[in-house]
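Participant: Letter by letter, the chains look like this.
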Amino acid sequence: MTTSAPAAAPPHAKPAPKRGIRRAHRGEGRLAAFLLSPTLLVLALVIGYPLVSALRESLYQRGEGLDANGFVISGEHFVGLRNYIDAFTGANGSRFWNAFGNTTFFTITTVALETVIGLAMALIMHHALRGRAFLRASILVPWAVPTAVSGLLWRWIFDANGIANNLLGQQILWSADGWPAKWAVVIADTWKTAPFIGLLTLAGLQLIPAELHEAARVDGANAWTQFRKITLPLIKPALLVAVLFRLLDVLRMFDLPYLLVGNQKYSVQTLSVLAFNEANNLHYGPASAYATLLFLYVVIVAYAFVKILGADLLAGARTRTPARRRRSATRPLAGKGTPA
Amino acid sequence: MTTHATDRPSRRASANHSGAAAVLRYFGVAVIVVYCLAPFFWMVVSAFRRPSDQFQLSALPRPWSTANFRAVFKPDVGFGRALLNSLVVAGIATIVTLVIGTVAAYALARLEFRFKNLVAAVIIAISMFPPISIVVPLLKLFTDIKWINTYQAMIVPSLSFALPLAVWYLTSFFRQLPAELEQAAMIDGCTRGQAFRKVILPLAAPGVFTTAIITFIAAWNDFIIALSMVNKKDMQTATVAISRFTGAYGFDQPYGTQMAAGVVVTVPLVLAVLAFQRRIVSGLTAGGLK
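These protein sequences, in sequence, are chains L and P.
Taking this note's numbering, the leading residue of the first sequence gets 1, the next gets one more, and so forth.
Taking this note's numbering, the leading residue of the second sequence gets 1001, the next gets one more, and so forth.
Everything labelled a hint here was simulated from the structure, so no lab data went into it.
Be aware that one or more of the hints could be misleading.
[Unchecked claim] No farther apart than 27 Å at their CA atoms in a straight line, the calculated lysine-lysine pairs in the DSS-like style are these:
#1 L:265 with P:1232
#2 P:1074 with P:1140
#3 L:236 with P:1116
#4 P:1233 with L:265
Okay, chain L solo, but in the shape it has when bound (with noise of 0.2 Å):
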């Protein structure tokens, strides 16, 4: 953006508006400044404090050891990365890879299946002819129940002698340690959040012109092609952008395992029910790695998700006035030229 800058401003813009610009500018940065501060106060106080007081922690453990001389010592003390080794390697390796692993599990799944019947969902809804506000009323709520309600009413349902094994007339022990708790787990949190995908999608449909799907009719695209062509590509941001808010949710999953399957149950334990196991038990060193591992794991999604689908989670903060972006754009020449 900013290389186009020079193309963009005029040359021989007269310099008194500019600096009257300029000025006007620096006491809105004064104000903006003013009017952010509480908000970035509390979350540097709420996120920037814990998150560096748990990458202190991951390097500390607590209890007894033994010293360099072999003395007994006490409390916490600095072990330097050996939490994290203790993670990736050994007997709690395998709890942290079976962690990881299931994360990655409930990720990669829910979140396909959650963006497939979203878009249905979207696309029958923009077709609907009636009964639309019934519709968007009924789509709200698996969206309203709370996750920890919609864990336990799972676990209802996915009981032994529940309803599902009944419709499925099967004998399936969905809560037991196993594939079908995994299954559950996927089921439970697609239930609750397609939906949520779908009115995301649904909004970006609203936005396509007509014109264009008629005017491919009257070329002769039929249905497939004008929703693979036209439909497509045109939802792609809305769509992108909601299923990296998806992505970044499951990754951080706990509610619905925990209360639908269990607590120790290996099968379904992501890495945010292991780091609060770890807590409950007092093992905060090990906890605190654990929690900065996911910490890290979700900004690796989040960074290679932008960078290679290029979802644009700013695109409105950057694009929405033209004039402004390009005011904006003039500012870096402006403060070449006249160094304050």
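Here the structure of chain L is known, so what remains is to put chain P in place on it, guided by the hints.
Facilitator: Showing chain P alone in chain L's frame:
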């Protein structure tokens, strides 16, 4: 918005030319409604069975009974207190969030300043933060400063997700208001503060209200923070209390009472959502795309 007017007639025209497509559409709508409502329906139905009929699988309770609800509100269960705790925590978190989030959102939506994109990016990034990453260190901190089993121990961590969420939605609401309005007010002699208070805030009231609902629901639905920060029964929030219900016979899952409590916790939210659905949908989608 202009597309609405143009695509209505064309859609009607295409509907006429095949009846099969219309049938398919109604079928699709029915599938969505069943998908969304069936599990919720099952929760309500299970809540209204007699405890002895818990494993009955009929579509409607036979006979209907409020025994589960009466069990939920028995004094020794303490569920009323848990509801009050949830209300206090989610309510205060929402109010604090709105007060400091509104001004921040105004700055992001209206003012021109350096690092604006960076600040916006940081705020949206923070809303995707895994809560466990702050729960573990804060649990230790709150233990040290004796905050365990207090309201503030639940409210403060809740701000970590409520505040970015609110700032994000509010920013998109403010951006939808035409900037000319406050410029006119400032030309007429208002200061920026007055223009904000007298022009922007009243116009943004629906957006602020919607954000309040979304934030409140997010805070009300929190589980992991309340679970970690509180171990005393009379400080539990509703979501934690439900998960800790114990059955009459030890290892029994008290599904009936849990479903009844689930209905109590969920129905107010569902009613609020139904009452304000149009606004909530526009709020949720405005945050997601522009």
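Participant: Now look at each hint and say whether the structure bears it out.
Facilitator: Here's how the hints hold up against the structure:
1. With a C-alpha separation of about 25 Å, the suggested pair residue 265 of chain L and residue 1232 of chain P falls inside the 27 Å cut-off, and the hint holds.
2. Among the hinted pairs, residue 1074 of chain P with residue 1140 of chain P is inconsistent with the structure: their alpha-carbon atoms are about 34 Å apart, more than 27 Å.
3. Distance hint between residue 236 of chain L and residue 1116 of chain P is fulfilled; the C-alpha atoms sit about 26 Å from each other, no more than 27 Å.
4. Proximity of residue 1233 of chain P to residue 265 of chain L is assessed by CA-CA distance (about 25 Å); at most 27 Å being required, the pair is judged to hold.
Consistency with the previously given hints fails for number 2 only.
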